[in-house]
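Asks: Chain P is fixed; fit chain A onto it per the hints.
Chains as they are written, first to last, in our numbering: chain P, 6 to 249; chain A, 32 to 210.
Some clues are possibly wrong.
Stated by the list, open to error - Taking CB as the label site, the calculated pair distances span:
#, chain 1, residue 1, chain 2, residue 2, range
1, P, Gln235, A, Glu50, 41 to 47 Å
2, A, His209, P, Gly117, 43 to 49 Å
3, A, Gly160, P, Ala125, 48 to 54 Å
4, P, Gln235, A, Thr189, 44 to 50 Å
5, A, Ala159, P, Gln212, 20 to 26 Å
6, A, Gly160, P, Gln212, 25 to 31 Å
7, A, Gly94, P, Ala238, 37 to 43 Å
8, A, His209, P, Gln242, 18 to 24 Å
9, A, Ala159, P, Asp161, 26 to 32 Å
10, A, Thr189, P, Gly145, 56 to 62 Å
11, P, Gln242, A, Ala98, 33 to 39 Å
12, A, Ser95, P, Pro202, 54 to 60 Å
13, P, Gln235, A, Glu210, 21 to 27 Å
14, A, Arg97, P, Gly145, 26 to 32 Å
Worth flagging that the hints you see were computed from the coordinates, not collected in a lab. Predicted model, so just to flag it, every value in this text is computed and none were measured. Even glycine gets a Cβ: it sits at the ideal position worked out from N, Cα and C.
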Amino acid sequence: MTNLPNDQIDPYESRLARHVGDFAEQAVRPIDAAAIAAAAHAGARSQTLAGRLFGSSASMARLGVVLAGALVAVAAFGVIAGGSNLGQPQASNEPVSTPTNVPGAAAACAAGDLAGVITAWEGAAGHRIATIDIHNGGSGQCLLPRSMRPALIDADGRALIVAAGGNQPAPLAFPAGSYVTTMVDMANYCGAEPASPLKLRLYLDDQSSLELSAAANLTYPLDPPPCSGQNAAAEIQIQALHLK
Amino acid sequence: MIDDEALRTAVARAAAGDEVAFARIVAAHHDDMARVAFVVCGDVELAQEAVQAAWQKAWVKLGSIRAADRLRPWLVSVAANEARQLVRSRHRRWLRETVIDGDAEADARAGPDPAGRAAELDLANALAGLDPDDRTLIALRYAAGLTSDEIGRLIGMTGGGVRARLARLLHRLRKELHE
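Isolated chain P (complex conformation) (with noise of 0.2 Å):
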């Protein structure tokens, strides 16, 4: 939300402000501080020569992109090959690093290879605290947001409560096979009745999502979170994701 400048030109402004603040929230999205200053740093590196012989920033910023991604790939190549001229040693005074990970080298985790399950959703002092546990069913290792922005939804689909966005710290890298678990926090909800089940969306940062609901043990219901007030925000957080 925006606060008007005090040096206001119209009464009206004041209103018009508020139309604008509210509409421009939905650009808000989670973001990868880290992953978008890499993304700037190796586009405009290449940029330098590039930029002036190819054309607008915007595409350079997708080329920057693109080469983070290649570089990071070579390193790992790099890595793994061991024995080829790039790995000839060197002489160092610098201590060696060890060729056991490479962060960064496997990609986004896709919507598509991740499965996750509600196996939990407890109620305390107003709030519904889900328990998740979501699976990487790809056949690689993959970086997942540490922090995926969450949405309550209900069976229709229909989005009850949804985060706003926000920052998210360096990604986890997430192996192929293996589960990660976070806890959801979701308070006051007073919109109409919605359709049971109810069911968790997490987005990745491509905006694409997934969908979870209960997991078959979990033999209640899962209810909203109770209105407080109709004055205050409904509020959904999700905490930091974790290897199982």
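Replies: Chain A only, in chain P's frame:
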């Protein structure tokens, strides 16, 4: 939110090539830039693309920012310019998806009152009728909250000129929004 002193330090380090410091600036300002870019271009994905391009420019030119309090206005104006260029380069009309049913997130955002959705669509249509330069002014003023003098410095106009142009835009939008 990053405080002023930490921001000054982050800017100095980022300008020297510190990627971690740059990421702190990204975390502090990305959302504001996305809001501004969206008001200019009317498309969430295009807005995110514009902001990524703006960060690339910021990486190169951050060292030119001498005062920390100039950083935010500068960043949002770079994002606005990138969004404007993207719209123009693709010959795109400023267009929102006006899905009446089934847009669950929009429903949730607007709340149970359908008037909220209607007001959002009215504003979207009103903005769609503006020139990209005018949408940039609206975005810098009402999405980023910049003063007319700050906007003037960024776009090469006087503060008075900005106020006069905004006054005309306010009159037009008020009429179109029936307010």
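Asks: Are the hints correct? Go through all of them and say.
Replies: Comparing the hints with the structure gives:
Against the hinted window of 41 to 47 Å, the Cβ-Cβ separation of Gln235 (chain P) and Glu50 (chain A) comes to about 45 Å, which satisfies the hint. Between His209 (chain A) and Gly117 (chain P) the Cβ separation comes to about 45 Å, which falls inside the hinted range of 43 to 49 Å. Distance hint check for Gly160 (chain A) and Ala125 (chain P): the Cβ-Cβ separation is about 51 Å, which falls inside the suggested range of 48 to 54 Å. A hinted range of 44 to 50 Å for the beta carbons of Gln235 (chain P) and Thr189 (chain A) is consistent with their spacing of about 46 Å.
Evaluation of the 20 to 26 Å hint for Ala159 (chain A) and Gln212 (chain P) yields a pass: the beta carbon distance comes to about 23 Å. The supplied range of 25 to 31 Å is met by Gly160 (chain A) and Gln212 (chain P), whose beta-carbon atoms lie about 28 Å from each other. About 40 Å separates the C-beta atoms of Gly94 (chain A) and Ala238 (chain P), a value consistent with the hinted range of 37 to 43 Å. Here the CB-CB span from His209 (chain A) to Gln242 (chain P) is close to 38 Å, at odds with the stated 18 to 24 Å.
The supplied range of 26 to 32 Å is met by Ala159 (chain A) and Asp161 (chain P), whose beta-carbon atoms lie about 30 Å from each other. Distance hint check: the CB atoms of Thr189 (chain A) and Gly145 (chain P) are about 58 Å apart, consistent with the given range 56 to 62 Å. Take Gln242 (chain P) and Ala98 (chain A): their Cβ atoms lie about 35 Å apart, and the range 33 to 39 Å holds. Evaluation of the 54 to 60 Å hint for Ser95 (chain A) and Pro202 (chain P) yields a pass: the beta carbon distance comes to about 55 Å.
The supplied range of 21 to 27 Å is met by Gln235 (chain P) and Glu210 (chain A), whose beta-carbon atoms lie about 25 Å from each other. Our hint of 26 to 32 Å for Arg97 (chain A) and Gly145 (chain P) is violated, since their Cβ atoms are close to 47 Å apart.
Checked against the numbered hints listed earlier, the structure breaks hints 8 and 14; every other hint is satisfied.
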